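Participant: Chains as they are written, first to last, in the UniProt record's numbering: chain A, 1 to 639; chain B, 1 to 103.
Just so you know, the hints here were simulated from the structure itself, not pulled from any lab data.
There may be inaccurate statements among the hints.
To spell it out: a stretch of chain A is covered by chain B in this simulated footprint if at least three of its residues, at any positions, have a beta carbon under 8 Å from a beta carbon of chain B; those stretches are [to be verified]:
id, segment
1, 170-178
2, 313-325
Derived Cβ-Cβ restraints for the label pairs, each shown as a range [what the hints assert, rightly or not]:
id, chain 1, residue 1, chain 2, residue 2, range
3, A, G622, B, S45, 53 to 63 Å
4, B, H22, A, F508, 42 to 52 Å
5, A, A393, B, A48, 46 to 56 Å
6, B, A83, A, F13, 47 to 57 Å
7, B, L55, A, K31, 48 to 58 Å
8, B, I86, A, P562, 16 to 26 Å
If the Cβ cut is set under 10 Å, some of the chain B residues that face chain A in the computed set are [claimed, not checked]:
id, residue
9, G75
10, I92
11, I95
Bear in mind that the values here come from a model prediction, so they are computed numbers and not experimental data.
C-beta: ideal position from N, C-alpha, C; glycine also.
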Amino acid sequence: MGTLIVLIVFALFLTAILTGGYNKTFLERVKNSKVWDWLTTVDHKKIGILYFLSGFFFFLVGGIEALFMRLQLVVPHNDLFVGDTFNELLTMHGTTMIFMAAMPMIFGLMNAVVPLQIGARDVAFPFVNALGFWLFFAGGLLMNLSWIFGGAPDAGWTSYTSLALNNYSPGPGVDFYVLGLQIAGIGTLIGGLNFMATIINLRAPGMTFLRMPMFTWTSFVTSTIILFAFPPLTVALLLLMFDRLFGSHFFDYTMGGSAVIWEHLFWIFGHPEVYIVILPAFGVMSEVISTFSRKRLFGYTSMVFATVLIAFLSFMVWVHHMFTVGLGPVSNSIFAVATMAIAVPTGIKVFNWLFTMWGGEIRFTTAMLFAIGFIPTFVMGGMTGVMLAAPPADFQYQDSYFVVAHFHYVLVGGTVMGLFAGAYYWWPKMFGKMLNETIGKIHFWTFLIGFHLTFFPQHFLGLFGMPRRVFTYQPGMGLDSLNLISTIGVVGMAIGTIAFLYNIYWSFKKAAPAPADPWDGRTLEWAISSPPPVYNFAQLPLVRGYDAWWMEKQAGNKSLPPAEPLGSIHMPSSSFIPILMALGFFIAGFGFIFRGDFVGAIIGLVLVIVCLFLRSFDRDHGYHIEPDEIEETNKGVQA
Amino acid sequence: MTENQHSDNHAVSPKPESAVKHLISFLIMIILTAAAFYVVIKSGSVVAEHLILPLILVFAVIQVFLQLFTFMHLGQKGSAYYAIFIMLGIVIAVISAVGIILM
Chain A
1 MGTLIVLIVF
11 ALFLTAILTG
21 GYNKTFLERV
31 KNSKVWDWLT
41 TVDHKKIGIL
51 YFLSGFFFFL
61 VGGIEALFMR
71 LQLVVPHNDL
81 FVGDTFNELL
91 TMHGTTMIFM
101 AAMPMIFGLM
111 NAVVPLQIGA
121 RDVAFPFVNA
131 LGFWLFFAGG
141 LLMNLSWIFG
151 GAPDAGWTSY
161 TSLALNNYSP
171 GPGVDFYVLG
181 LQIAGIGTLI
191 GGLNFMATII
201 NLRAPGMTFL
211 RMPMFTWTSF
221 VTSTIILFAF
231 PPLTVALLLL
241 MFDRLFGSHF
251 FDYTMGGSAV
261 IWEHLFWIFG
271 HPEVYIVILP
281 AFGVMSEVIS
291 TFSRKRLFGY
301 TSMVFATVLI
311 AFLSFMVWVH
321 HMFTVGLGPV
331 SNSIFAVATM
341 AIAVPTGIKV
351 FNWLFTMWGG
361 EIRFTTAMLF
371 AIGFIPTFVM
381 GGMTGVMLAA
391 PPADFQYQDS
401 YFVVAHFHYV
411 LVGGTVMGLF
421 AGAYYWWPKM
431 FGKMLNETIG
441 KIHFWTFLIG
451 FHLTFFPQHF
461 LGLFGMPRRV
471 FTYQPGMGLD
481 SLNLISTIGV
491 VGMAIGTIAF
501 LYNIYWSFKK
511 AAPAPADPWD
521 GRTLEWAISS
531 PPPVYNFAQL
541 PLVRGYDAWW
551 MEKQAGNKSL
561 PPAEPLGSIH
571 MPSSSFIPIL
581 MALGFFIAGF
591 GFIFRGDFVG
601 AIIGLVLVIV
611 CLFLRSFDRD
621 HGYHIEPDEI
631 EETNKGVQA
Chain B
1 MTENQHSDNH
11 AVSPKPESAV
21 KHLISFLIMI
31 ILTAAAFYVV
41 IKSGSVVAEH
51 LILPLILVFA
61 VIQVFLQLFT
71 FMHLGQKGSA
81 YYAIFIMLGI
91 VIAVISAVGI
101 ILM
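Go ahead and model the full structure; you've got the sequences and the hints to work with.
Facilitator: The following block contains the structure:
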């Protein structure tokens with residue numbers, strides 16, 4: 001208690017000093033600084049960049065963890081990272097890649113692109129958008145700080161009970177997993193809701209549902225999956241938190257609980273989750289392939305239908321992760337059939353992409369290369385998926401490297417390649433600078449070859465009986481050379497990623513400003529400058545058909561027809577409340593993890609409630625940008 | 001933001017809603033939650049033990065309806081989207097529950 005009072009007094013002093021007690025210009029300087037602008041922004045374009053870059057940061061962290069695991073497995077009986085450390089690496093690699101890398105980068109693209117594609121000036125709830133980002137960031141940071149504070153979680157990314165309970169996972173590791181994911185999960189959930197509201201309500205005049213670009217469609221469907229899939233995770237994490245922190249016994253079978261309930265809850269969330277990360281990649285691919293084939297997307301309506309169908313089916317297949325639990329042949333058969341059914345809409349999509357390219361005027365830009373590389377890679381992952389969906393065979397594949405190979409083919413071959421394609425495609429729109437095509441091609445080829453070299457041998461490692469999540473193997477079991485090849489492949493992926501990093505550096509330092517429409521694009525975002533002005537569209541556009549911008553270009557128009565006269569534009573004000581609220585959750589998370597008397601948790605939650613209060617009685621209703629100001633910026637852009 | 005955007009599918013309420021309605025249903029929901037906790041903690045002494053589960057289920061159902069109609073505006077016109085998504089939610093919840101219990 002004494003320390004707490006000292007801390008509070010110190011904080012008060014600091015606030016007094018910084019807010020003008022001694023230095024009155026300080027506050028002014030902070031408010032005008034770029035850092036403050038980014039920390040308090042509610043602009044979807046800036047939040048998109050924040051999401052994408054912090055997601056990429058966590059992608060690097062997760063990648064280094066993967067590199068360490070492959071280094072451990074390069075030769076038999078290696079002792080680089082053994083036992084607990086290896087378990088921590090594999091847990092953090094999986095969790096970081098799924099929750100802290102793939103999803104934020106997807107949200108980054110969604111934020112940067114979706115409002116532009118539907119002709120909106122921002123998302124429906126800009127404040128909530130900022131809050132969603134900061135909550136994800138707080139959660140991700142919290143989980144990764146576990147490396148410093150008492151050990152990372154080591155119960156696998158699925159965190160199965162009973163292993164994840166206090167008895168078998170003592171120490172704060174799994175607590176970091178529970179609290180970190182819970183906080184990041186709130187952010188993801190409100191982000192998903194926000195995009196649903198945006199896409200339903202803020203489409204430009206004339207933009208009917210069946211004129212929406214494919215990426216917007218997949219974002220919409222993904223948001224719907226998030227809405228229904230994240231609550232089970234929230235519940236599961238809450239129950240696990242109570243089991244670990246407050247002595248309840250939901251998952252403790254010795255006290256009448258059920259360990260299988262965790263698996264159910266986790267996979268009811270977990271299976272839709274894999275579609276959350278793959279569907280937006282499908283959307284990116286549809287945009288990229290259509291643009292660089294100079295053709296309308298083949299079978300647009302069937303693409304929409306397939307997307308919705310995949311989303312719907314994704315909720316009735318979760319038991320295929322639990323075939324070996326012993327739920328019985330009836331259950332296993334039903335879920336096996338449902339799982340194989342998903343191959344049908346996915347197949348529709350693959351054929352539509354192929355037919356889009358057929359007869360098209362294909363340009364092999366980096367984005368298009370990633371899209372073309374994606375198709376066979378993803379199909380291979382899909383094929384092994386159907387193999388795994390057959391329960392009798394699954395009993396053999398279960399928990400072997402075959403499974404690892406399968407999901408890396410769909411997640412890296414699908415999601416990561418999709419994200420890279422999206423990055424190269426929309427980079428000029430996000431940052432106003434092009435990425436270098438030559439470096440981009442080096443990136444693509446090293447990454448693609450490295451990827452196949454890494455993961456293709458893992459199919460056979462699995463079939464030869466190498467279990468996943470085990471840190472070593474015996475020599476002379478036929479596993480040595482394949483493991484060596486697999487580790488060599490990682491070098492290719494690492495070089496590819498470094499090439500991408502250099503490309504980012506190149507684009508900021510040396511690239512010329514990007515034109516508004518560098519790819520001869522088809523959708524609305526290419527009709528405005530790169531990067532777009534803060535209000536996106538001076539006048540909301542009138543949409544006259546699918547591929548609206550392409551239609552106007554074909555009709556010889558230089559710009560989109562306006563749907564409204566030039567008027568003053570209402571903009572939301574920046575706010576520091578989102579980051580403060582995320583900080584509250586962050587402190588609360590730490591407070592729960594350190595247990596004791598939960599002082600930190602209470603302080604954090606009080607801060608959250610204060611922020612809620614501030615927000616509820618906030619009288620700031622934004623500001624207006626007047627027409628003359630808009631005209632001035634427009635002139636600046638044209639000159 | 002929103003008033004600048006045209007939207008074809010807004011839920012249109014005939015008149016602005018009063019905050020009182022929201023406050024009252026919020027209060028009722030808090031009371032029902034507290035009551036459910038109280039009944040379980042004092043298990044046996046307030047309500048007979050075999051009645052606890054049905055009772056808190058009744059509390060839960062009342063809360064669901066309050067939630068749907070006051071906060072999620074299910075009663076308003078033009079709420080087709082809400083209806084679609086709520087139905088979808090119910091379908092998925094039922095599938096999950098049936099899957100867990102029967103499988």
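Participant: If a hint holds in the structure, say so; if it doesn't, say that too.
Facilitator: Taking the hints in turn, this is what the structure says about them:
Under the rule that three or more residues need a Cβ within less than 8 Å of chain B, the assignment of the segment 170-178 of chain A is violated, with 0 such residues. Here the segment 313-325 of chain A counts 4 residues with a CB under 8 Å from a CB of chain B, which clears the bar of 3, and the coverage holds. Our hint of 53 to 63 Å for G622 of chain A and S45 of chain B holds, since their Cβ atoms are close to 55 Å apart. The supplied range of 42 to 52 Å is met by H22 of chain B and F508 of chain A, whose beta-carbon atoms lie about 48 Å from each other.
A hinted range of 46 to 56 Å for the beta carbons of A393 of chain A and A48 of chain B is consistent with their spacing of about 52 Å. For A83 of chain B paired with F13 of chain A, a C-beta distance near 55 Å keeps the hint of 47 to 57 Å intact. At roughly 55 Å, the beta carbons of L55 of chain B and K31 of chain A sit within the given window of 48 to 58 Å. A C-beta distance of roughly 37 Å is found between I86 of chain B and P562 of chain A, which places it outside the suggested range of 16 to 26 Å.
Using the Cβ-Cβ criterion of 10 Å, the hint placing G75 of chain B at the interface with chain A is not satisfied: the shortest such distance is roughly 19 Å. Because the beta carbon of I92 of chain B sits about 5 Å from the nearest beta carbon in chain A, less than 10 Å, this interface hint is met. Using the Cβ-Cβ criterion of 10 Å, the hint placing I95 of chain B at the interface with chain A is satisfied: the shortest such distance is roughly 6 Å.
Hint violations for this structure: numbers 1, 8, 9, all remaining hints satisfied.
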